[in-house]
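Novice: Protein sequences, first through last, are from chains U and H. Under our numbering, the first residue of the first sequence is numbered 1, with each subsequent residue one higher. Under our numbering, the first residue of the second sequence is numbered 456, with each subsequent residue one higher.
Keep in mind that a hint or two might mislead.
[Said to hold, decoys possible] Covered, in the sense of this in silico footprint (three residues per stretch, anywhere, with C-beta under 8 Å from a C-beta of chain H), are these stretches of chain U:
#	segment
1	101 to 107
2	161 to 170
3	307 to 321
In case anyone wonders, no lab produced these hints; they're calculated from the structure. Every residue, glycine too, gets a C-beta built ideally from N, C-alpha and C.
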Amino acid sequence: MRRRPAAQCARLALLAVALLFATLAPRLAAAADVGHFFLDNGLEVVVVPDHRSPVVTHMIWYKVGSADEEPGKAGVAHFLEHLLFKGTPKHPGSSFSDTVAAIGGSENAFTSYDYTAYYQRVAREHLPLVMEMEADRMTNLILTDDVVARERDVVLEERRSRVENDPGSKLGEVLDATFYLEHPYGRPVIGWMQEIEALDREDALDVYTRYYTPNNAVLVVAGDVEPDEVRALAARTYGEVARRADPPPRIRRAEPDVDAERRVLLRDPSTEQESLRREYHVPSYTTAEPGVAEALDVLGEAFGGGATSRLYRRLVVERKLAAGAGGYYQASALDDTAFHLYAVPADGVDLATLEKAMDEEVADLVANGLDADDIERAKRNIIAEAVYARDSQSAMARIYGTALTTGSTVEAVEGWADAIRAVTPEDVDKAARDWLRIGRSATGWLVRQAPKEPS
Amino acid sequence: MTALPRLFLALLLACAAFSASAADIRRVESPGGIVGWLVSDDTVPLLAVKFAFTGGAAQDPDGKAGVANMVSGLLDEGAGDMDAQQFQRRAEELAIRYNFDAGRDAFYGELRTLSENIDAAVDLVRIAISSPRFDEDAVERIRGQIVSGLRGDINDPDTIASRAWMQAIFGDHPYGRPIDGTMESVARIGRDDLVAFASANFARDNLHVAAVGDISEEAFGLLLDRMFSGLPETASLRTVPQASLAARPFETVIDTDVPQTVIQFGGPGLMRHDPDFVPAYVLNHLLGGGTFTSRLYDEIREKRGLAYGVDTYLYPLDHAALFGGGVATRGERAAESLRIIREEIARIAADGPTQAELDEAKAYLKGSYPLRFDTSGKIAGQLLQIQIEELGIDYIERRNSLIDAVTIDDVRRAAGRLFADGAPYVTIVGRKAALENSGG
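Next comes chain U alone, as it looks inside the complex (with noise of 0.2 Å):
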């Protein structure tokens, strides 16, 4: 039967929606007359216009997410998202959400490592009421500790839900938390369970009013507009929005270059099927070298993206040993990021077996490089998503917005097919032989563990 939309009704697509943007972000040719500019009170615009339909997509990031927080007010940032839809003067309560649906306009928010995000989509005539709303909600926002509460429990439920009952979730969670020894990337964006049952009201605005102003936010709209039109109603709306701060630069505490390999094992009760997954530290597309990350990304599809792909043909195909496998490359990030590999073992496969396959196929890898025409067939891949993201106005929004929170640019994702054309399969079987170190990696086992007898 249908599955309860759960996420969608959510304010909140947390990881999913988060990871697969931050592998398809640069991931697009460059669409027809962008604009890109800024208002004299800092705030940065990008309009993509697509006039195939009367619908706008209508977004407003902020450069603050989760590895932004102070140390022990993890899932502050994603807290805070939550509670941008409680109201200002203008608009109290939950007029803000009553008056997208009167328009017939979906809405939602997310928050990921590096930013926060709030969405509406609504038809083109519209998007001066979400603008002025959007713009108001910036800096005006009111809270009281009796509505903080209350979604306080929202969102310690929300964790349950992804979570708690979850223990594939429950996994990652731990194995980011070990993989990442110092940098905040370690945390949950939604949290640790004690942390948020501590948070309060004055947690909240805290982060309000530190990174909430329009010299740290990117506007992004995108549909059946015009940058001209764009630009005049920003003016009218987000443009009389002061600065009210000077966010801090967005430095992390960095990891350290331990040569240690680390390793988690999660014994879970409920677990059935077993699992394992693994993390190496790779430069994002904003730290590495020019390149580097176009091979990554190459490596990413070529090595670990779908039936093709070298890993899942040697595990699942040939030698049997996986039901699945396969690999990607977490490729937006304004720091070091990481290159993901998991593997399900095929009926009777234990995971030690398992692992040493895949540790001898990176191996192999390592050693002897891909072939030529995998890396072809990988690059056109990846090269033709552009052009398929051009047919959806909200994941060209996605794009850019991931694009301008993590430290690239417009220039990067218009040029960026380009740079995926240029990798070549030197390239490639470089950045394996770099990056994939079993030193820089953990490895995470999910387990069944037999459920206690009733006492």
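Mind docking chain H on chain U? Use the hints.
Specialist: Here is chain H on its own, set in the frame of chain U:
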């Protein structure tokens, strides 16, 4: 998109009179007699094609739930003279995107391709649906993946709740079986079952097709023949009886050690062509539809912080119709959540909505309709669904006036029919002790 679809969408937004013609959507009949609906638009060099063969998982043989689903995983695992790797590599060389999916009443296919590769992409889909190989090692590989997915969900409370709820409502009817089967039923499926399903279900007389993108009407006609003319003229489907739903409401607790309790609730719904379906659709929206403004969202989440999400939906099938909903909350407050849901259902059954609520719901449903049409794939999906549901090629023009015509009496009548006895069918998955101690 050409100016024409833009025009009809613009008129939709005008909410009232739709004078746009259906000229934007072309009904194209191929030289070989296959019909498809097309919106031709060359803005982006892409083509999206969606198609469906009616039948679906309801056609699975008794005791072998999961055949249709398994077929959907195997069509690209070897076809014609290509084995799995050859097929998938070819698809990647062409950078095409495709998907096959088993629904309860139909088997769906989808293709997206860059314009430059249309013919080659169509050839690949053609052989996938007309000459799938079901090679032994591919069958075992996909079986292994399905079984590992099922194993991974054994203790997943959402899966437990939805499967148990459907089984309790439908019993032995095909709708009572999970689409992806069970570990036991999937183990029983043989190659002959897969072959039989494909040859019985993939035919021209149960086919619907919709396409949007960079192709002319004439070329689309040729595409239809190229893709589908190799299929048999007629499908041979088993007759699926009208389902008789569980006669009485139930409340079942499945004691499971999970941090958060999952509650699935609902009951009989209204068939898609029931005259009260549209009023029921409006009713569902204001009770628990997907926005942040529904009654249940307000009572459960906004006022009490009981859950992250709560929603309800209408689920009309070919041989039955359901109203459903769900919520997930910590064990100690599950009983309270369920009590509120029961009260809200009873309240709307007794009193109906207020005029203001009805107006707001209608405004949302009308205003948001164009959001379903902003990508090629979404438009194609809408056109396909309209064909499957036999709503007529002018439905997009008429749809908002159907919503507009719903009166408060219509909604009350629909509520009376949906919630006649006021007691939903409920399946609860969570810690029984926490539930019993919480009172509610």
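Novice: Now look at each hint and say whether the structure bears it out.
Specialist: So, going through the hints one by one against the coordinates:
Given as covered by chain H, the segment 101 to 107 of chain U passes the check, having 7 residues with a CB less than 8 Å from a CB of that chain where 3 are the minimum. Counting residues of the segment 161 to 170 of chain U whose beta-carbon sits less than 8 Å from any beta-carbon of chain H gives 5, enough to reach three: the coverage restraint holds. Using a Cβ-Cβ cut-off of 8 Å, 6 residues of the segment 307 to 321 of chain U lie near chain H, which meets the minimum of three, so the contact claim holds.
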